[in-house]
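Chemist: If you're matching them up, the sequences are chains L and Z in order.
Per the numbering used here, the first sequence starts with residue 33, numbered consecutively.
Per the numbering used here, the second sequence starts with residue 33, numbered consecutively.
Hints were generated in silico from the structure; no laboratory data involved.
Here the structure is a predicted model, which is why all the values come from computation and not from measurement.
Just so you know, not all the hints are guaranteed correct.
Put simply, identical chains are the same to the list, so a pair is met inside one copy or across any two.
Straight-line distance between alpha carbons at most 30 Å, and here's what the computed DSBU-like set of lysine-lysine pairs gives [unchecked claim]:
{"id": "1", "residue 1": "K358", "residue 2": "K136"}
{"id": "2", "residue 1": "K231", "residue 2": "K161"}
{"id": "3", "residue 1": "K358", "residue 2": "K370"}
{"id": "4", "residue 1": "K370", "residue 2": "K297"}
{"id": "5", "residue 1": "K231", "residue 2": "K136"}
Protein chains: 2
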Amino acid sequence: MRGQVAISMSHSYPIALDVMSGDHGASVIMPAALRALQEMDDIHLLLVGDEAVVAAHMRHWPESVRPRAQVIHASQTVAMEELPAVALRNKRDSSMRKSIDLVKEGSASACVSAGNTGALMATARYVLKTLAGIDRPAIATALPSLFGHTHMLDLGANVDVEAAHLYQFAVMGSVLVTAIDGLETPRVGLLNIGSEAIKGNDRVREAAHLLEGSSLNYIGFVEGNDVYCSDVDVVVCDGFVGNVALKTSEGVARMIADNIRTEFKRSWITRLRGLVALPVLNRFRNRIDPRRYNGASLLGLQGIVIKSHGGADEVAFQNAIRIARKEAEANVPQRIDKQLGRMLRQEVEV
Amino acid sequence: MRGQVAISMSHSYPIALDVMSGDHGASVIMPAALRALQEMDDIHLLLVGDEAVVAAHMRHWPESVRPRAQVIHASQTVAMEELPAVALRNKRDSSMRKSIDLVKEGSASACVSAGNTGALMATARYVLKTLAGIDRPAIATALPSLFGHTHMLDLGANVDVEAAHLYQFAVMGSVLVTAIDGLETPRVGLLNIGSEAIKGNDRVREAAHLLEGSSLNYIGFVEGNDVYCSDVDVVVCDGFVGNVALKTSEGVARMIADNIRTEFKRSWITRLRGLVALPVLNRFRNRIDPRRYNGASLLGLQGIVIKSHGGADEVAFQNAIRIARKEAEANVPQRIDKQLGRMLRQEVEV
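Please build the complete structure, drawing on both the sequences and the hints.
Modeler: See below:
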């Protein structure tokens, strides 16, 4: 199997897809895989899951993409509510585990899973290990903002962190943005509850101190609204705060969308008005479409793991594959490793 | 002065307004005061600030409302960026301090300030003291939701809390909702990053344990999106998380509004479409207008203190006065005191 994959490695990015996980499994992920193959001709997909299921889907695929797709059989699936420790112990032949194994052994340059975050993080950490200098991996994602987009981490991998971890998150986030957005010195902000230096808790203040002394482009404290309304590139916070901020954002957006819909449905007159406004509202919706932002990076590992939203549809999952390809092309883990090494040396020199 | 005020106390709710604070001071707060007097004929306003400034505004007021307004001179103002400890020590004749003093001495049944949160909380705590059984006051506000509205606390008064504090916040929030919304047993949720019992940090899990054993209508963990999309009445969290969630929400709403505006301004065709949609979009905007939610309660004190947004306009500040009146009518501090006493007794009996 390895040899087969290796042939194409020099020409394309082999990406392992955990086909069985997520709320919809293969029925969404296989069509997303096809879309991705048609869109990106330099990727090669390793479709990890039940051989029969995957093959059934592939039967309808055009001949042209087949050479860049390969089935890797996995007999188990990690359930969405499965405890990380249980998944790690009992699901060694799961589509999730095997996808990560492919990254570990070098057959895949990245993997994508819509499976349960806890199990994915635990398995990835166990199989791939963290980079030297990283105590804890973090989850990062891009979010739409008035200035394009903002990357935020951690989004839930670490609920109790120390200042040194926030510092590591900042380094990883900065490298990620340089690698995939091409920004030389991304603006890094530390999420706090006031822009004045006096506010916040000890942990955040200590992390600010560490960042001020670093070579990162640290711009100081930012507040929740800055994630969406300031030209900060990386927002750093602990996983509890980041997860609440992310989910709260989803809630506000949903409430607003529902309210707009309700108002336009109020009567036949408002329905007509809605019909007139529709093309504009659609353009707007497309602009902040969460599917365009689907795909969170598990950073700090010796390999690329992308987590898709469990409920992702084809368009959304396709985007997660796009991110995996981008990170593979940019060699994100190696870059983080290098940057960390450089910063540690600098600190020693100082 | 006290005698004068006392005359009207049986007939109306005397509310002290810190006229000088906030981004706009008297120029916004005095017109808001007039609106409030015209709207609510059972309030009596104590306008605390520079006598000359307040009098100049009142000169244009209709005769009919004058008997329900009274100027209380204060020679100082607390600046928006002033440190709480400095304000507390050096601004004993500030409009903020005197407004709170009026509540303490019983001349006002509530006070409203748009001044800096830290100074307001520190002064209120120093002057009014906390209720027995409350270690730390918290800041609560209502937020729009698909189910009407949700109350959330703490929003920034306490950055480092223990489980017992979260428990106290839950009691205070529950009493607040019963008092002002008339709900017998408000549904109380604990903000966490997963609805499963295994997720979150130790502090949250311990608080959940305390709440499960209480007489509150505790519904379990809720996530960020539930604040806006679930029928939970009270969402409890620490002040760091609550503040980030609140500010993030503001950011998302602003980004969405800006994006909608941009799309409608794209060309003359989209402008026309916008014109047609405007009445509906205005209705929608009115529905989630943040001004309708302006006015946060400092809970856990022996007196009612309402914090208005610093940048509040007349409509927004008027709403903060409305909340002050509502809490005065409902006797919120006494109710919290009673409920806490009852719960402590129950715990002893158990």
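Chemist: Next, verify each hint and record whether it holds.
Modeler: Here is what the structure says about each hint:
no.	hint	verdict
1	K358 to K136	within (18 Å within a copy, 62 Å between copies)
2	K231 to K161	between (36 Å within a copy, 23 Å between copies)
3	K358 to K370	within (18 Å within a copy, 60 Å between copies)
4	K370 to K297	neither (55 Å within a copy, 46 Å between copies)
5	K231 to K136	between (43 Å within a copy, 28 Å between copies)
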